[in-house]
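Engineer: What follows is the residue order along each chain.
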Amino acid sequence: AQTVTQSQPEMSVQEAETVTLSCTYDTSENNYYLFWYKQPPSRQMILVIRQEAYKQQNATENRFSVNFQKAAKSFSLKISDSQLGDTAMYFCAFKSRLSGAGSYQLTFGKGTKLSVIP
Amino acid sequence: ETGVTQTPRHLVMGMTNKKSLKCEQHLGHNAMYWYKQSAKKPLELMFVYSLEERVENNSVPSRFSPECPNSSHLFLHLHTLQPEDSALYLCASSQVAGGPYEQYFGPGTRLTVT
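Respectively, the protein sequence lines represent chains L and D. For the first sequence, the numbering used here begins at 28 and goes up steadily by one. For the second sequence, the numbering used here begins at 29 and goes up steadily by one.
A couple of the hints might just be wrong.
[To be verified] Residues of chain L placed beyond 10 Å of chain D at every Cβ, according to the derived structure:
hint	residue
1	34
2	47
3	113
4	118
5	136
[Unchecked claim] Cross-link-like lysine to aspartate or glutamate pairs, in silico, EDC-like; alpha carbons within 20 Å at most:
hint	chain 1	residue 1	chain 2	residue 2
6	D	46	D	130
7	D	47	D	112
8	D	69	L	53
9	L	137	D	112
10	L	97	L	53
11	L	82	D	52
12	D	68	L	37
13	L	140	D	72
14	D	50	D	80
Since the hints were made in silico from the structure, they are not lab data. Here the structure is a predicted model, which is why all the values come from computation and not from measurement. C-beta: ideal position from N, C-alpha, C; glycine also.
Generate coordinates for the entire structure from the input sequences, incorporating the hints supplied.
Structural biologist: Next comes the structure, spelled out in C-alpha cells:
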C-alpha cells in the first residue's frame, strides 16, 4: 500500500518570501500521479499542481513549482512570493496509474498548515 | 451554482438518528467520491462511484450507506452513528475515476454526533 508523509505539521513564512513544503511517499510502482491540494480556512479544497511520474520536468503553475525527485520518492512544493491568500492547509496526494479499483484512490498525507505573515 | 455543492453544511445528530448528506456536481463528471476528514488524520476515502456504479468501498462500517441515483448526485445515508464518526465529510467529483484527472471537492458537511 502507498503511504504519503508530510513531515511538517505547521510552517510560517513572511509575505513575499519563498517557502518549501516537504512530501515523501512510498510505492513500488514506476508510473503514478502526484498532486498538491490547498484547503484554505473554511473553504473548498482545490488543486494547486499536478505531476506525472514519467515526466522528468518539474511542474510549475505561476508562483507554485515542485521539486520531484523520483529516486528519492520526494515531491516538495515551492511557493514563491508568498501572499496572504496562500494561508491554508496543503495536502500532498498520490494516485496509482494502474488500472482497476486501486487507481481510483487518492492517498493523502496529513497536511501542512501554512501561515503567511504580513 | 457551479462546481460541487454539499448540504447541509453543518449537522448535529444523536446516535439514534437517521440523516442524509447530499452532494451535487455541476461539472458533467462521471465519478464521485465520499471522504472523511478528521483532525490530525489524512483524508480517508470512503466510497467511489463511477458512472453511478460503486467501484470502491474502503471497509466503511455499514452505518454509512451511499447512494448514487445519477451521475450528478451522491448521498450518504447515516444511521446509528458513533461519536468517533464526528468529522468533516467531503464530496468530490472527477471527469473519470482513473487517470490523472483532478478531483473537485465540495465545501464539506461538518458532522457532530452527540
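Engineer: The structure should be examined with respect to each hint, and the outcome stated for every one.
Structural biologist: Hint-by-hint comparison with the structure:
The beta carbon of residue 34 of chain L sits about 13 Å from the closest Cβ of chain D, which is more than 10 Å, so the claim that it is off the interface holds. Every CB of chain D is more than 10 Å from the CB of residue 47 of chain L (nearest about 21 Å), matching its label as outside the interface. Once the 10 Å rule is applied to beta carbons, residue 113 of chain L is consistent with being away from chain D; the minimum gap is 18 Å. Taking the minimum C-beta to C-beta distance to chain D, about 7 Å, the non-interface status of residue 118 of chain L is violated against the 10 Å cut.
Remark: the non-interface label on residue 136 of chain L conflicts with the geometry, its nearest Cβ contact in chain D lying 6 Å away (cut-off 10 Å). The straight-line distance between the Cα atoms of residue 46 of chain D and residue 130 of chain D is roughly 32 Å, outside the 20 Å bound, and the hint therefore fails. Among the hinted pairs, residue 47 of chain D with residue 112 of chain D is consistent with the structure: their alpha-carbon atoms are about 16 Å apart, no more than 20 Å. A distance of roughly 18 Å separates the Cα atoms of residue 69 of chain D and residue 53 of chain L; the hinted pair therefore holds under the 20 Å criterion.
For the suggested pair residue 137 of chain L and residue 112 of chain D, the alpha carbons sit about 18 Å apart, so the restraint of at most 20 Å is met. Only pairs whose Cα atoms come within 20 Å are accepted, and residue 97 of chain L paired with residue 53 of chain L is accepted, the gap being roughly 11 Å. Distance check on the hinted pair: residue 82 of chain L and residue 52 of chain D sit about 34 Å apart at the alpha-carbon level, beyond 20 Å; violated. Distance restraint check for residue 68 of chain D and residue 37 of chain L: the Cα-Cα separation of roughly 12 Å lies within the 20 Å cut-off, and the hinted pair is therefore satisfied.
As the CA atoms of residue 140 of chain L and residue 72 of chain D are separated by approximately 18 Å, the hinted pair is consistent with the 20 Å bound. With a C-alpha separation of about 15 Å, the suggested pairing of residue 50 of chain D with residue 80 of chain D holds against the 20 Å cut-off.
Of the numbered hints given earlier, the model fails hints 4, 5, 6, 11; all others are met.
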